[in-house]
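Sequence order for the protein chains is A and B. If you're matching positions, the first sequence starts at 1 in my numbering and goes up one per residue. If you're matching positions, the second sequence starts at 1 in my numbering and goes up one per residue.
Don't read these hints as lab results, they were simulated from the structure. For every residue, glycine included, the Cβ atom is placed at its ideal position computed from N, Cα and C.
Straight-line Cα separation of at most 30 Å, DSBU-like style, residue types lysine-lysine; simulated pairs:
1. A:Lys-29 x B:Lys-94
2. B:Lys-403 x B:Lys-266
3. B:Lys-19 x B:Lys-57
4. B:Lys-345 x A:Lys-18
5. B:Lys-394 x B:Lys-291
6. B:Lys-100 x A:Lys-92
7. B:Lys-361 x A:Lys-6
8. A:Lys-72 x B:Lys-100
9. A:Lys-92 x B:Lys-364
Quick look at which bits of chain B chain A covers, simulated, 3 or more residues with Cβ under 8 Å:
10. 244 to 253
11. 338 to 345
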Amino acid sequence: MHVDEKTVRRIARLARIKVTDEEARGLEKELSGILDWVEQLNEVDVDGVEPMTSTVAMTLRERDDRVTDGEKAADVTLNAPMSEDDFYVVPKVVE
Amino acid sequence: MTDLTKLTLAEARDGLKAKKFSATELTKAFVTAIDKGNGALNAYVLPTPDHALAQAKDSDARLAKGEARPLEGLPLGHKDLFCTKGIRTTACSKILDDFKPPYESTVGQNLWDAGAVMLGKLNNDEFAMGSSNETSAFGPVINPWRRTRDGKPDNAKLVPGGSSGGSSAAVAADLCLAATATDTGGSIRQPAALTGTVGIKPTYGRCSRWGIVAFASSLDQAGPIAKTTRDAAIMLRHMASFDQKDSTSVDTPVPDYEAALTQGVKGLRIGVPKEYRVDGMSKEAEESWQKGIAWLKAAGATIHDISLPHTKYALPAYYIVAPAECSSNLARYDGVRYGLRVAGKDLIDTYENTRAAGFGKEVKRRVLIGTYVLSAGYYDAYYLKAQKVRTLIKRDFDLAWDKVDCILTPTTPNPAFGFGEKSGDPLAMYLEDIFTVTVNMAGLPGISVPAGLSSEGTPMGLQLIGKPFDEATLFRAAQAIEDAAGRVTVKDHWWA
Numbered sequence: 001m002h003v004d005e006k007t008v009r010r011i012a013r014l015a016r017i018k019v020t021d022e023e024a025r026g027l028e029k030e031l032s033g034i035l036d037w038v039e040q041l042n043e044v045d046v047d048g049v050e051p052m053t054s055t056v057a058m059t060l061r062e063r064d065d066r067v068t069d070g071e072k073a074a075d076v077t078l079n080a081p082m083s084e085d086d087f088y089v090v091p092k093v094v095e
Numbered sequence: 001m002t003d004l005t006k007l008t009l010a011e012a013r014d015g016l017k018a019k020k021f022s023a024t025e026l027t028k029a030f031v032t033a034i035d036k037g038n039g040a041l042n043a044y045v046l047p048t049p050d051h052a053l054a055q056a057k058d059s060d061a062r063l064a065k066g067e068a069r070p071l072e073g074l075p076l077g078h079k080d081l082f083c084t085k086g087i088r089t090t091a092c093s094k095i096l097d098d099f100k101p102p103y104e105s106t107v108g109q110n111l112w113d114a115g116a117v118m119l120g121k122l123n124n125d126e127f128a129m130g131s132s133n134e135t136s137a138f139g140p141v142i143n144p145w146r147r148t149r150d151g152k153p154d155n156a157k158l159v160p161g162g163s164s165g166g167s168s169a170a171v172a173a174d175l176c177l178a179a180t181a182t183d184t185g186g187s188i189r190q191p192a193a194l195t196g197t198v199g200i201k202p203t204y205g206r207c208s209r210w211g212i213v214a215f216a217s218s219l220d221q222a223g224p225i226a227k228t229t230r231d232a233a234i235m236l237r238h239m240a241s242f243d244q245k246d247s248t249s250v251d252t253p254v255p256d257y258e259a260a261l262t263q264g265v266k267g268l269r270i271g272v273p274k275e276y277r278v279d280g281m282s283k284e285a286e287e288s289w290q291k292g293i294a295w296l297k298a299a300g301a302t303i304h305d306i307s308l309p310h311t312k313y314a315l316p317a318y319y320i321v322a323p324a325e326c327s328s329n330l331a332r333y334d335g336v337r338y339g340l341r342v343a344g345k346d347l348i349d350t351y352e353n354t355r356a357a358g359f360g361k362e363v364k365r366r367v368l369i370g371t372y373v374l375s376a377g378y379y380d381a382y383y384l385k386a387q388k389v390r391t392l393i394k395r396d397f398d399l400a401w402d403k404v405d406c407i408l409t410p411t412t413p414n415p416a417f418g419f420g421e422k423s424g425d426p427l428a429m430y431l432e433d434i435f436t437v438t439v440n441m442a443g444l445p446g447i448s449v450p451a452g453l454s455s456e457g458t459p460m461g462l463q464l465i466g467k468p469f470d471e472a473t474l475f476r477a478a479q480a481i482e483d484a485a486g487r488v489t490v491k492d493h494w495w496a
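The following block holds chain A by itself, in its conformation from the complex (with noise of 0.2 Å):
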């Protein structure tokens, strides 16, 4: 599967990672050669064969629907790059 540049720099604006022009070459060719490589999965007969969900068969379990923790909105908000009053600070987002 080759990858083009164009799509490289869709896939990291979905992943919100910024990309100079040099590094999108350059991820160009590497992703290719990853997606290239894991192509061989194709021989693989997976008909009918459940997608893994879990490798120890366990439900999943459940509790009490009751709140149990909170009322800690310093430690919360204790490593924020910016906060104020108890909030995240982030730059205007609505005009």
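With the hints as your guide, set chain B onto chain A.
Showing chain B alone in chain A's frame:
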């Protein structure tokens, strides 16, 4: 007094109980060794001597009162992928910056509750993505082992394996008694093999993932790297637990693995899979594999040829599943809630600048691969297909368990390699995990144990793969190999 740093975890435990030395003396010996040696090895990204000495003081008080806990006063290294309350945790990425978690990982808490002492945070590949520790934002770790060429010492620096390269190097260089590590595709076993140490990745669900920086959630497991099989058995017992805070944690009792070591391997059925004889495998790996077969046979085990036909598809399937999960997990690094922020002209620009500056090359590569295989129109062809292949890989093992109790393979195709030898070619680096990655894909336990030295004088490792939750059998078989092969230790402490 003998050099306390050279003791095994079990010897140090027994020495403390017999009051041959104090926890403070033991901890000071490691603090001094780290002071002297870490500059050259770069195993620790954050030594925490004050924290360690405070814990040791508390341990001495308990030892004096006869209230010692199972790991009382034993100094350990802690991989920087584990969150430590109030102590910087970075996953060796710039994007976490000066992150100080307000909570402790469950595995870490279990160890401290058992009385262990934390010497500091250990280096690893960025977000555990790598097989040589070369992708760390703090720079690479140096393997304490060096090659000999034609019988003469060769001072070229070797990689300690990865991603738990700080853990493997610190244990091999006596900069801790044992270390925590994590394994998503081989990150405990491969570095253990390259440094002459013992590393076990337990069954998926055995150790809680809570408080471990996530890479690929369906594959990530914590486990120890230690000097001996016995030490690894002691460590795993106190790392593992059922945990409500991890929905994939399995509620099953954790056995006394150390007690299992005396059971031997008489009558144990060992499988040897023909598909692990791959192109590009060194003659040495083949030789140590044959030696391993002979050792287990001599100890009373029986050897059986088995087939795991989907083995060769495990690595390509892994490089769909792991990047897909990593691209989802790493979406949280947005420059808003914690870590680095690089301001942009608007919010999206801020996200893009932050992630461009904060993530290293390999991490970006994997996030982009993951984003691609999960993007509209490709999900079925890649991710769903890979998860179906994964079912077939697990089925191969399920069928093998009818005939054998555990499986013996080499851990890596080659002994330790030099810096830059593989870092320029992502696919060459990915092949390092060819023998280990199947185990993560099937959720099984796997252990790497030293099997002597290569012709270059560097360690070789053998891997044993076990049934789900049957780590005890792996420890028994690993002990038989260790008894036959003998421990390998670095003779020349050139870093000290």
